[in-house]
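Line by line, the protein sequences are chains A and B. Letter by letter, the first sequence follows residues 1 to 564 in the numbering used here. Letter by letter, the second sequence follows residues 565 to 870 in the numbering used here.
Simulated from the structure, these hints should not be mistaken for laboratory data. Take the hints with a grain of salt, since some may be wrong.
Claimed, not checked - So, partial list: chain A residues that the calculated Cβ filter (under 7 Å) puts toward chain B:
#1 A189
#2 F367
#3 P520
What the hints assert, rightly or not - Label-pair distances were calculated between CB atoms; the ranges are:
#4 B/R849 / A/T363: 15 to 23 Å
#5 B/V827 / A/D311: 30 to 38 Å
#6 B/L619 / A/T421: 52 to 60 Å
#7 A/D201 / B/R849: 23 to 31 Å
#8 B/R599 / A/D489: 52 to 60 Å
#9 A/V321 / B/P631: 42 to 50 Å
#10 A/Q51 / B/A830: 55 to 63 Å
#11 B/W865 / A/S378: 51 to 59 Å
In this text, all values refer to a predicted model and were calculated from it rather than measured experimentally. C-beta atoms are modelled at their ideal positions from N, C-alpha and C, and glycine is treated no differently.
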Amino acid sequence: MTTSVQTGTPTDPALGRAETILARWAPVASRPEPNRLDVPVPAEDVAQAAQALGRERWGYLAAITGLDHGPEADRLEALYHFCSGAAVLTLRALLPRHGGTVPSVAETFPLAMFFERELSEMFGVTVAGTPDPSRLFLPDDWPTGVYPLLKDVNPQAALAAQSETAPPRLQGKSDGDRFIVPIGPQHPALKEPGHFAFEVDGEVVKGASVRLGYVHRGIEKACEGQTWVQNLYLLERVCGICSHTHATCYALGVERLAGVEAPPRAQAIRVILGCLERIHSHLLWLGVAAHEAGFETLFMYSWRDRETIMDLLEQLSGNRVNYSCNVLGGVKFDISAEQAQAIRRALDFVEERTRHYLEVVSTDTLFLGRTQGIGVLSRQEAEYLGTVGPTARASGVPIDIRVTHPYAAYRAFPAEMVLDTAGDLTARFVVRMKEVFESGRVIRSILDNLPAGDLTVKMPRRIKPAETISRYEAPRGEVFYFLRSNGSDTPERVHIRTPSLCNWTSVLTKAVGAQLADVPLLLAGMDPCFSCNDRTVVITRPRRDPQVLSWEALRSAARQDRRR
Amino acid sequence: MTIPPIIHLLFFPGGLFMLALALAYEYVDRKVVARFQNRIGPRWFQPAADVLKLLIKEEVTPNVTHPVLFVALPVLALAGSLTAALSVPILGLNPALSFPGDLIVTVYLLSLVTMSMGLAGWNTNNRFSLIGATRSLTQVFCYEAPFMLALLGPAVVTGSWRITEILQTLDGQWIVFSQPIGFLVAVVGLMGKLEMPPFDAPKAKTEIVAGAMTEYSGRGLGLFHLGKIVEEVVGLSLLAALYLGGVSNPLAFFGKTLALLVVMAACHCLFTRLRIDQTVGVWWRYGTVLVLLQWIAVILWRVMTA
Chain A
1 MTTSVQTGTP
11 TDPALGRAET
21 ILARWAPVAS
31 RPEPNRLDVP
41 VPAEDVAQAA
51 QALGRERWGY
61 LAAITGLDHG
71 PEADRLEALY
81 HFCSGAAVLT
91 LRALLPRHGG
101 TVPSVAETFP
111 LAMFFERELS
121 EMFGVTVAGT
131 PDPSRLFLPD
141 DWPTGVYPLL
151 KDVNPQAALA
161 AQSETAPPRL
171 QGKSDGDRFI
181 VPIGPQHPAL
191 KEPGHFAFEV
201 DGEVVKGASV
211 RLGYVHRGIE
221 KACEGQTWVQ
231 NLYLLERVCG
241 ICSHTHATCY
251 ALGVERLAGV
261 EAPPRAQAIR
271 VILGCLERIH
281 SHLLWLGVAA
291 HEAGFETLFM
301 YSWRDRETIM
311 DLLEQLSGNR
321 VNYSCNVLGG
331 VKFDISAEQA
341 QAIRRALDFV
351 EERTRHYLEV
361 VSTDTLFLGR
371 TQGIGVLSRQ
381 EAEYLGTVGP
391 TARASGVPID
401 IRVTHPYAAY
411 RAFPAEMVLD
421 TAGDLTARFV
431 VRMKEVFESG
441 RVIRSILDNL
451 PAGDLTVKMP
461 RRIKPAETIS
471 RYEAPRGEVF
481 YFLRSNGSDT
491 PERVHIRTPS
501 LCNWTSVLTK
511 AVGAQLADVP
521 LLLAGMDPCF
531 SCNDRTVVIT
541 RPRRDPQVLS
551 WEALRSAARQ
561 DRRR
Chain B
565 MTIPPIIHLL
575 FFPGGLFMLA
585 LALAYEYVDR
595 KVVARFQNRI
605 GPRWFQPAAD
615 VLKLLIKEEV
625 TPNVTHPVLF
635 VALPVLALAG
645 SLTAALSVPI
655 LGLNPALSFP
665 GDLIVTVYLL
675 SLVTMSMGLA
685 GWNTNNRFSL
695 IGATRSLTQV
705 FCYEAPFMLA
715 LLGPAVVTGS
725 WRITEILQTL
735 DGQWIVFSQP
745 IGFLVAVVGL
755 MGKLEMPPFD
765 APKAKTEIVA
775 GAMTEYSGRG
785 LGLFHLGKIV
795 EEVVGLSLLA
805 ALYLGGVSNP
815 LAFFGKTLAL
825 LVVMAACHCL
835 FTRLRIDQTV
845 GVWWRYGTVL
855 VLLQWIAVIL
865 WRVMTA
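Take the sequences, apply the hints, and build the full model.
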């Protein structure tokens, strides 16, 4: 079937198919890991190769990673990662370090639009034919020609240069004769900053656009300046809700790079924490979604019950939010028999409550009136738009990393995928509530058979040059980490793609034509997490004349207002 | 014994007394809702503290508004609901102002709050306010007719449109048993009038911030709020008097109105917000039809017994 298997014994049949599809480029392909296939592709062939994959419906585009090899090597790579089940296929396009051009793959994979804008903004790569080449996640007043993820660019210096430029002049808002309802960056519907502009005609939405990036913190760049160990604590702070997700995804990746495997007991504890995180995240989401729909009572009760899990997490780890459970090579704390008992008791309570909530969201007439048949996403649409996580599973797309590519203790304690076929908001409620039960079941089965042994193994400080990809099923969908080491104690490149980014297109598509009143619930339906999402990337169709106000401009505007 | 009208207007039953009573009822409402939602709820003086805070806060007037309207509309709203209190048997005492047709006038004075809010939303020319105002006024057209018809049910039975006369003729009869549909529509209509969930689309904060009130910050917001809670007390008194066997003494007044308040608070907690199109549907498809059926029954009964 293939000619180029270099390493790894259990080859994934999907990769064999990929080699057949990409036969033209396959002769130079390599398998760095059993489940991965690297195919070097000339930059101008990228779109063709992607089209071939899209035509054969081979997997989905997971991320586009830019990789700068530094001024000495003077080259840059654009890595197009495609995933199908456990298999990861990477198209590697070699580019000059300055002025490189790749063709857009957004026609085959609409989601690529985000990734391509990230690529062009962070690395200065021109993407020919991308639907929206405008600046995407850097601030609007970021100096042009400064590409922060290039190795020799110092963002601090760029920021200093930026502050010397004159603050932009205040302009009156002008949207022509369109009636635009702005939601955000500060709005009661949003718990994190983001800007949505909905063009409405009466109560019906006619157009939707989103501008994110308000919580962009440059974490990927920061990672390159810190040691592997330090990064664990930085990455844990990518997100406040799925902090364990990011730390575990990173730790698993780094351990694989170093050729180390954490002991079974550590892997089990990681999964227990992951499941608890999923339960608290889904209950939190239930409350937020109910609040967006105007059902305050459900909001209050689900958040009260979520406290049970938060208390549990605090009891186990000492922290409510950043549990700091992981170290590279294992976990920090053990779970004692009494704690296991406390977990079981808490689960009993939460599961009983969740059964009630499941009944409420699937039988309450008024609530169904707000969710049933709203925002229906068919399986074809969901796959085409690159949707992930519970949003995709509610449309019947079988995508769940815990099942298709089990990591940590999920190999020994398999999880089951929760699917629904309706694809509407009700289905998204039902899928998430059922996942609470599934997480509870996994926790119990692990607690009943908790492997004995050590909590950590020794990790080397320096890691030989290699690359790996770590995927993890966060409460919101697949988290994708690309890690590259260079033999030192710091990473060469850490690239993060979070699930929220993949789900925006589906929401914006479904918002057009919906009632304005359904929009908050539609937004909530994908459980957006701006904080993860913005760590590096931003979004579609920004306002034509975006205004950025400096602190000084804001203050002077406020003074003018007072004088009036 | 004659009390000078100015006393009625300023102290009892209008004016200060109504404000105090409305704040007390707001406290009960908020506390009950909080307990239903598994929260602690506010302390007894919290509603008063909130209003006081708003009244002494600086008010920011947006520069695109008509400044006179901006200031006058909240006053008009509060004046409307305070005036409505004059013809209603507050505390079970005789209304201060009684004249033929005062039932109609009272109901329309109560609508003044919503109308002022709608105008205020239009006047402030904010996107959220405009949508909120549109929704408020759309809703007025939905519940106003059924609500009015439901209140007129007892009037038709007694043959008078004067509140005191209706109450005398009824003489403690519980109309709720003979006209249950009318009562149901009246209670739900009052919830609609007060923009309580599930009819709170005009101020759905996750969509349009505070709806028509978005640009109001200080005194104006406080006065609108007072207007709303006075409207609530007047509405409850009307319903208790007309449907629940009258309110002949303060004990009956408090018992009946507070019981109604708790029922409304429970409904408030039970439901998800309706979209504005669903609200319109509920009222025109069910509310209006039901109350018309009730009317036909009442009229037939009148014709047959006459």
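Hint check against the structure, violated hint numbers in rising order: none
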